[in-house]
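2 protein chains.
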Amino acid sequence: MNKVAVGIDIGGTNTFIGFLDENGKVLSKSHLITQEYRLISDFISALSFNIKDQIKLLGQVNIEGIGIGAPNGNILNGCIENAPNIPWKGRLPLVKLFSSFFPDLPVFLTNDANAAALGEMSFGKVKGLKDFVVVTLGTGVGSGFVVNGEIMYGHDGLAGELGHTIIEENGRLCGCGRKGCMETYTSATGFLKTTKEYLKSFAGKSLLKQIPVTDLMAEDVSIAAENQDELALSIFDFTAKKLAFSLANLIAITSPKEIILYGGLANAGDHLIRPTLSYLDDYTLNVFKGKVKINTSTLNNNHAAILGASALVWQELKKKN
Amino acid sequence: MNKVAVGIDIGGTNTFIGFLDENGKVLSKSHLITQEYRLISDFISALSFNIKDQIKLLGQVNIEGIGIGAPNGNILNGCIENAPNIPWKGRLPLVKLFSSFFPDLPVFLTNDANAAALGEMSFGKVKGLKDFVVVTLGTGVGSGFVVNGEIMYGHDGLAGELGHTIIEENGRLCGCGRKGCMETYTSATGFLKTTKEYLKSFAGKSLLKQIPVTDLMAEDVSIAAENQDELALSIFDFTAKKLAFSLANLIAITSPKEIILYGGLANAGDHLIRPTLSYLDDYTLNVFKGKVKINTSTLNNNHAAILGASALVWQELKKKN
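So the sequence lines, in the order shown, correspond to chains A and B.
With my numbering, the residue at position 14 of the first sequence is 14, and numbering never jumps.
With my numbering, the residue at position 314 of the second sequence is 314, and numbering never jumps.
Heads up, some of the hints might be wrong.
Any copy, or any two copies together, can satisfy a pair, since identical chains are not distinguished.
Stated by the list, open to error - Derived pair list, reagent style BS3-like, types lysine-lysine, alpha-carbon separation capped at 27 Å: (1) Lys205 - Lys96; (2) Lys96 - Lys257; (3) Lys205 - Lys193; (4) Lys293 - Lys89; (5) Lys293 - Lys179; (6) Lys29 - Lys3; (7) Lys96 - Lys320.
Hint data in this document are derived by calculation from the structure and do not stem from the laboratory.
Bear in mind that the values here come from a model prediction, so they are computed numbers and not experimental data.
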């Protein structure tokens with residue numbers, strides 16, 4: 001009988017639930033609107049009933065465990081702690097809450113960037129690579145480091161806060177209260193901030209000036225760059241320089257074989273990667289120059305997050321055996 | 001019969017050779033003057049005869065392997081590559097050269113910072129810790145990261161170049177050709193550079209002004225700081241600020257439980273650590289504040305390097321079994 005893992009991706013807007021086999025084949029998938037649940041207990045309850053319904057529909061499968069990727073999810077204590085973009089505040093004992101609905105199944109939780117790294121390691125093009133990094137460029141910047149073939153969780157489960165390395169003293173104010181954090185420049189949010197700043201001071205013509213500022217999205221800048229729009233290109237150039245500076249320092253510390261960009265801003269693809277590689281060559285220590293590949297994820301965008309969450313189950317069960 | 005490892009520490013000035021048991025007990029120790037050997041082949045030959053002589057003197061022991069810590073030593077290819085402070089240039093196939101003298105023994109090589117981390121992990125106060133970092137503040141700055149209980153070598157064996165993370169764009173010129181590398185400020189060499197710069201611009205009285213500039217050593221600044229010398233304290237303050245900035249970024253990425261300072265400048269102890277902790281509190285992301293210990297090594301200073309090199313043998317043999 002097919003061995004199956006439940007992979008759950010909890011996001012600020014949607015929560016996706018998938019049933020996947022060991023090869024990453026999606027047997028069933030559904031979703032909930034995260035914001036609809038005022039209480040975490042209501043959310044967990046709805047999620048659990050959704051899972052039980054899907055189990056009934058699937059019939060004969062062996063569920064081996066439940067894996068959850070969520071912002072600020074901590075594998076060591078099974079809690080989500082102070083995640084900025086989900087409706088429930090404080091410390092949420094997710095694994096404990098889930099286990100009351102599924103007492104016979106192991107439940108694992110980690111943050112979304114680590115889940116993404118596990119997905120890449122298990123099902124992506126980097127399968128078999130023992131040292132690589134996934135950098136998520138979304139609302140914030142997250143990162144999942146694979147070191148010696150395992151996720152680097154750090155002593156407290158909180159490693160991978162690349163987005164909160166300071167890359168410019170007294171730089172942009174960050175949501176964390178400090179200044180100059182990497183994510184204030186290279187997250188999708190930071191990128192839009194740059195776009196608005198550049199729009200204000202740019203006197204020339206630009207496709208971006210035809211869009212109401214409040215409607216601007218990262219994608220608009222990509223489309224403008226596609227058309228060689230000078231302003232759009234300079235916004236990517238600025239962002240790439242900041243990203244490259246940060247990645248060069250990351251490379252000096254962990255020496256990964258590959259860096260995979262993921263999430264909102266990564267969809268800009270070559271518009272972001274080409275100038276990043278060029279600046280990376282300036283910033284990188286000689287011994288690492290030209291060695292590190294920078295790519296976007298090759299996983300199916302629609303399933304990437306649940307693939308990662310399901311991979312967490314296989315990875316953790318392998319450790320226990 | 002006692003199981004024994006040979007631990008070799010190759011430095012720019014001296015090379016130390018020790019025979020140590022699994023508990024880190026030193027059974028025998030000797031040394032060579034590194035600079036006396038014009039050719040690497042002469043050096044390896046002298047080192048090998050030294051080892052063979054010691055084996056004869058020790059009598060009944062089971063030598064399990066040879067571990068070498070050396071600047072730029074790479075565990076993956078067994079070579080020293082372009083190390084700045086040893087007499088021989090280019091790529092030196094150390095393990096291969098050694099193996100011709102000891103065909104029946106496994107020979108392992110890594111860089112001195114990784115060896116230091118292995119020494120701490122096996123014989124130091126952090127024994128049992130799975131996530132910590134050793135930062136060596138010597139002629140340059142090296143670092144050895146322990147992640148999930150193993151050294152992080154990176155995909156090419158060259159991880160841990162913390163000294164070459166850029167902490168100030170367009171900052172001090174580094175030996176690597178780039179600007180603003182961490183080691184230009186926080187190595188013993190960088191510290192002396194700061195001392196000389198501060199001496200030039202400081203109009204007040206200072207104990208440091210009584211020492212000829214060319215004779216100044218980091219230790220002199222420590223002694224002056226001990227006497228509450230204003231200039232000396234401000235030199236430590238500047239250095240601590242740079243160190244803390246760098247360590248805060250390191251913590252955000254790898255989340256270690258402890259950071260152990262090692263080598264020349266670490267001997268300044270509290271003069272360096274106290275202001276570093278204070279700046280670290282400013283620079284560190286909230287979730288990590290107050291969690292990470294900063295200490296100096298607790299290993300016996302005279303044996304630390306050969307302890308680390310011998311630990312490499314036990315660590316690698318354990319992996320193979």
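Going through the hints against the structure:
1. Lys205 - Lys96: neither (56 Å within a copy, 63 Å between copies)
2. Lys96 - Lys257: between (37 Å within a copy, 26 Å between copies)
3. Lys205 - Lys193: Within one copy only: 19 Å inside, 49 Å across.
4. Lys293 - Lys89: Neither: 38 Å inside a copy, 29 Å across copies.
5. Lys293 - Lys179: between (29 Å within a copy, 24 Å between copies)
6. Lys29 - Lys3: The answer is within: 16 Å in one copy meets 27 Å, while 57 Å across copies does not.
7. Lys96 - Lys320: Within one copy, since 19 Å is at most 27 Å while 38 Å is not.
The structure shown violates the earlier hints numbered 1, 4.
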